[in-house]
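Each of the two chains sits in its own frame; use the hints to bring them together as a complex.
So the protein lines, in turn, are chains A and B.
Mapped onto this note's numbering, the consecutive letters of the first sequence carry residue numbers 1 to 178.
Mapped onto this note's numbering, the consecutive letters of the second sequence carry residue numbers 1001 to 1263.
Calculated directly from the structure, the hints in this document are not laboratory data.
Take these hints with a grain of salt, some might be off.
Far from chain B by the CB rule (all over 12 Å, computed), these chain A residues [what the hints assert, rightly or not]: (1) A53; (2) P130; (3) P131; (4) A132; (5) Q141; (6) G143; (7) G158; (8) G159.
Which residues of chain A face chain B? A partial, calculated answer using Cβ under 8 Å [stated by the list, open to error]: (9) R44; (10) V50; (11) A52; (12) R55; (13) S145; (14) Y162; (15) E164; (16) Q165; (17) F166; (18) E167; (19) G168; (20) A172; (21) V175.
Label-pair distances were calculated between CB atoms; the ranges are [to be verified]: (22) B:P1040 with A:Y156: 56 to 66 Å; (23) A:A129 with B:T1116: 37 to 47 Å; (24) B:P1134 with A:V147: 43 to 53 Å; (25) B:G1239 with A:Y156: 33 to 43 Å.
Just so we're clear, the structure is a prediction, and the values are computed from it rather than from any experiment.
Don't be surprised by glycine CBs; every beta carbon is placed ideally from N, CA and C.
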Amino acid sequence: MSARAAHGAQLPWRVLGLAGAIFAAGMLVPAHRAEGRAAAGGARMATASVGAANRAAVAPGRPTQLPATPGGDRRPADRDAGWGWYAGYAYGSAGDDGRQPADDRDIDVEGVAAAAAAAAVAAAVAPPAPPAAGTVVYQLQPGCSTVERNGAYYRYCGGVYYQEQFEGDRLAYRVVDP
Amino acid sequence: MRFLYMLCRNSLGAAGLLAGLVATAAAAAPPAAPATASKPAIAADAAAVLERMAAYLKGLDRFSISARETRDEVLAYGYKLQRQQTANMVVQRPDKMRVEVEGDLKVRTYVYDGRTLTILAPMQGVYAQVEAPPGLEPLLNGLLNRGVEMPLIDMLLQAVKGNLAEGVLGGRLVGTSRVDGIAVDHLAFRQATIDWQLWVEQGARPLPRKLAITTRHEVGEPQFTVVLEWNLEPDIDAGTFAFSPPPGARRIGFEGDAAGASP
Chain A
1 MSARAAHGAQ LPWRVLGLAG AIFAAGMLVP AHRAEGRAAA GGARMATASV
51 GAANRAAVAP GRPTQLPATP GGDRRPADRD AGWGWYAGYA YGSAGDDGRQ
101 PADDRDIDVE GVAAAAAAAA VAAAVAPPAP PAAGTVVYQL QPGCSTVERN
151 GAYYRYCGGV YYQEQFEGDR LAYRVVDP
Chain B
1001 MRFLYMLCRN SLGAAGLLAG LVATAAAAAP PAAPATASKP AIAADAAAVL
1051 ERMAAYLKGL DRFSISARET RDEVLAYGYK LQRQQTANMV VQRPDKMRVE
1101 VEGDLKVRTY VYDGRTLTIL APMQGVYAQV EAPPGLEPLL NGLLNRGVEM
1151 PLIDMLLQAV KGNLAEGVLG GRLVGTSRVD GIAVDHLAFR QATIDWQLWV
1201 EQGARPLPRK LAITTRHEVG EPQFTVVLEW NLEPDIDAGT FAFSPPPGAR
1251 RIGFEGDAAG ASP
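So here's chain B without its partners, still in its complex pose (with noise of 0.2 Å):
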């Protein structure tokens, strides 16, 4: 319902809002109107600046985003925190990747060279490495199974497998805006638990240019949000992709290893 409420005050205005309430309020007062079951749940001039935006970014073969991300945090009392945090992401298909995140809660390097996964915490001088499958398909689907936060991820995964929306219950195009002065597409997808809002930049380079995800069914219905800078040509350095530990750092083990930390 707040999902057409919203559309309809995007598309339509006043007026448009007030026909959507009469309309919604009218399909919810027969007891079954399965109406929309048969509907494509992405709306045609949505699906195709995803289309768009899938197939520019599997075409590209080494990218780098710096990226600017929130996330809320709900307290006790109702009291909803803006967490920062910023992250820079390296990759280099079809297996090397980097990614360096500094943030309130977090400040973490990931590094992956083909073989194997490194993370490092280098405010408490640890780091731990797994052997991870070749290719950054397997790595991200490792990655999301382990419950690994990894910022950014969703750009990865869109850009390696370009499925982001096969969760989704609905989504439409909302119109156009713009994100640090470039004129993007605004979509709105809906899904079972999260709402969430891309912008796609218009023209040549159909790349996403910002994210918003909102947290449904959760105390103050907390977001995230994160804006994109991208970089087609970036430089990267020989042993960008190649883990040397800090001096003193140690290694230790994920939860379920049995070997204890080593230096």
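Extracted from the complex, chain A is given alone in its bound form (with noise of 0.2 Å):
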């Protein structure tokens, strides 16, 4: 290799070298705070119906079997439940098939990967507590395996157990101990 081509390939490497610091600090984010963020997936998504939107203008509070979807456009209060608009990270929610982890990507728009990693760092330190019972999460970190529990089954992630149930057509995890 020429010392040209040597010097030519050294800049995508540093390029390399930074995304994978900011790659780093966005894996680092603990789990709850990714599912936090997930939960609230959809919150600032454009309305896609206007069935639903007249739906929403004629009934706000009419009772449903089945709650709404939580995040819609249906809930204005819990829009901004657990997205940390003032936090230091610029992520898309998750979807919730998992295709697109919201650690993986990083659209550090103003600088905010190190904010991102000092506060990683910071809980890094403590970590947090296993979610309680009846809580629900919109998206299980990778690696959770299927279990059968007195006939049952649920998803067994790092020590906790998870129903899958949907609500509305979004997929949604209770914690329980089965």
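Following this line, the structure appears as structure tokens:
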């Protein structure tokens, strides 16, 4: 490899290194916070249905057998729940199919990665307690397994059992003690 | 105001825009000028397009739609992501429907056989079933009440009930445009929380070919768009409306159900 080519090859590596650092900072964000963001995923999504907007306008408090999707356009009070509008990160919500985990992407619009990294380090010092039974999350961390207990199936991640359920057409995971 | 602005710009050009601004400024000057209250919410030419479309859709016994959707997601710091999704819907009156959705954020299949509604999340290998009322209209009401964000639900609502414009405060015909090379009428509507635009095919098949919804009062005013391809003579397989779970899929419940997951 010529010296020039070697020099040319350095720049991408530097960029990759920076990207890796940002990526690592993202990965350090504890799972419960990632879930918090995902829980409100779709909070600032565009309304996708005229009919749904009409329904919300006609009967905002209509009792339903199944509650409206959290973070959807029907529950304005929940919009900011867990999203950390002023916190030091700028991610998208994770797809609930885990196709684009929130922490895989960093759009570091205003140099917020450093703040996120600092927050991550602070959080790493004091790991969070496991979620209480009844807690509902909308995305599980990677590496969960499916287990059977007393004839029912659960998702099992890091010592916590989750019962899968649909809220509308959105998948939710409720912490249970089977 | 902005609605007037837009309409002026589109219908009359720059001169009209200036005139319109002057007119709106003049209209805003007196404290009480409820002149618009007596006017029909939807202009006659726009209403005519809507009515033609509604009548045509109500006459379709079966159809399929292939849709390309985009949906804005507003992030912190004002970054707007555009999420993509494709959806395919097959409908057979009076009580059969299948929708398959594949998108950045969601992969789902919805099957309604006239008695049962099934929602399948294939990537997680889980599905849920619920007894559904007979007929597409009560089914759609149930879906909306339960917060199911099924794509193309507007098209189905319009086909079944024809009341897409029930919440509209104002509607105008903007002019002629083209969607996928087809001449269309471009309609603009405003209602309490959203603005929406509809592009309806001109000629013998007044089908909705595109829909855009702008969410107002939301940071970044995110937009949703969907472009629709229609097939009015779809080949419907015998099993289209019958749900059979994929191998290994687990049946789960809806929120609030007592029962846990079962094999």
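Tested hints:
1. Listed as a non-interface residue, A:A53 fails to keep its Cβ farther than 12 Å from every Cβ of chain B; the least gap is roughly 5 Å.
2. The claim that A:P130 is not at the interface with chain B holds, since no C-beta of that chain comes within 12 Å of its own (minimum 20 Å).
3. The beta carbon of A:P131 sits about 17 Å from the closest Cβ of chain B, which is more than 12 Å, so the claim that it is off the interface holds.
4. Non-interface call for A:A132 relative to chain B: holds, since the shortest CB-CB distance, roughly 17 Å, exceeds 12 Å.
5. The claim that A:Q141 lies off the interface holds: its Cβ sits roughly 14 Å from the closest Cβ of chain B, which is beyond the 12 Å cut-off.
6. Listed as outside the interface, A:G143 is consistent with that label: its C-beta sits roughly 15 Å from the nearest C-beta of chain B, beyond the 12 Å cut-off.
7. With a least CB separation of 18 Å from chain B, A:G158 remains clear of the 12 Å interface cut-off, as annotated.
8. Look at A:G159: its CB is around 19 Å from the nearest CB on chain B, clear of 12 Å, so calling it non-interface holds up.
9. Checking A:R44 against chain B by beta carbon gives a least distance of about 4 Å; that is within 8 Å, so the hint holds.
10. Against a cut-off of 8 Å between C-beta atoms, the interface hint on A:V50 holds, since the closest Cβ of chain B lies about 5 Å away.
11. Against a cut-off of 8 Å between C-beta atoms, the interface hint on A:A52 holds, since the closest Cβ of chain B lies about 6 Å away.
12. A hinted interface residue such as A:R55 counts as satisfied when its beta carbon comes closer than 8 Å to some beta carbon of chain B; here the least separation is about 5 Å, so the hint holds.
13. The criterion of a C-beta within 8 Å of any C-beta in chain B is not met by A:S145, whose closest approach is roughly 13 Å, and the hint is violated.
14. Taking 8 Å as the C-beta cut-off, the interface hint given for A:Y162 is violated, the closest approach to chain B being about 10 Å.
15. Against a cut-off of 8 Å between C-beta atoms, the interface hint on A:E164 holds, since the closest Cβ of chain B lies about 5 Å away.
16. Proximity of A:Q165 to chain B holds as hinted, the smallest CB-CB distance being about 5 Å (cut-off 8 Å).
17. Proximity of A:F166 to chain B holds as hinted, the smallest CB-CB distance being about 5 Å (cut-off 8 Å).
18. For A:E167, the interface hint holds, the least distance from its beta-carbon to any beta-carbon of chain B being 5 Å, beneath 8 Å.
19. Interface restraint check for A:G168: the shortest CB-CB distance to chain B comes to about 4 Å, inside 8 Å, so the restraint holds.
20. The interface hint given for A:A172 is met, as the beta carbon of that residue sits about 6 Å from the closest beta carbon of chain B, less than 8 Å.
21. For A:V175, the interface hint is violated, since its Cβ never comes within 8 Å of a Cβ in chain B; the closest pair sits about 13 Å apart.
22. Range check, B:P1040 to A:Y156: Cβ separation about 60 Å, and the 56 to 66 Å hint holds.
23. Between A:A129 and B:T1116 the beta carbons are some 41 Å apart, a value that agrees with the proposed interval 37 to 47 Å.
24. Range check, B:P1134 to A:V147: Cβ separation about 38 Å, and the 43 to 53 Å hint is violated.
25. Taking 33 to 43 Å as the suggested C-beta distance range, the pair B:G1239 and A:Y156 conforms, at roughly 34 Å.
Violated hints for the displayed structure, listed by number in ascending order: 1, 13, 14, 21 and 24.
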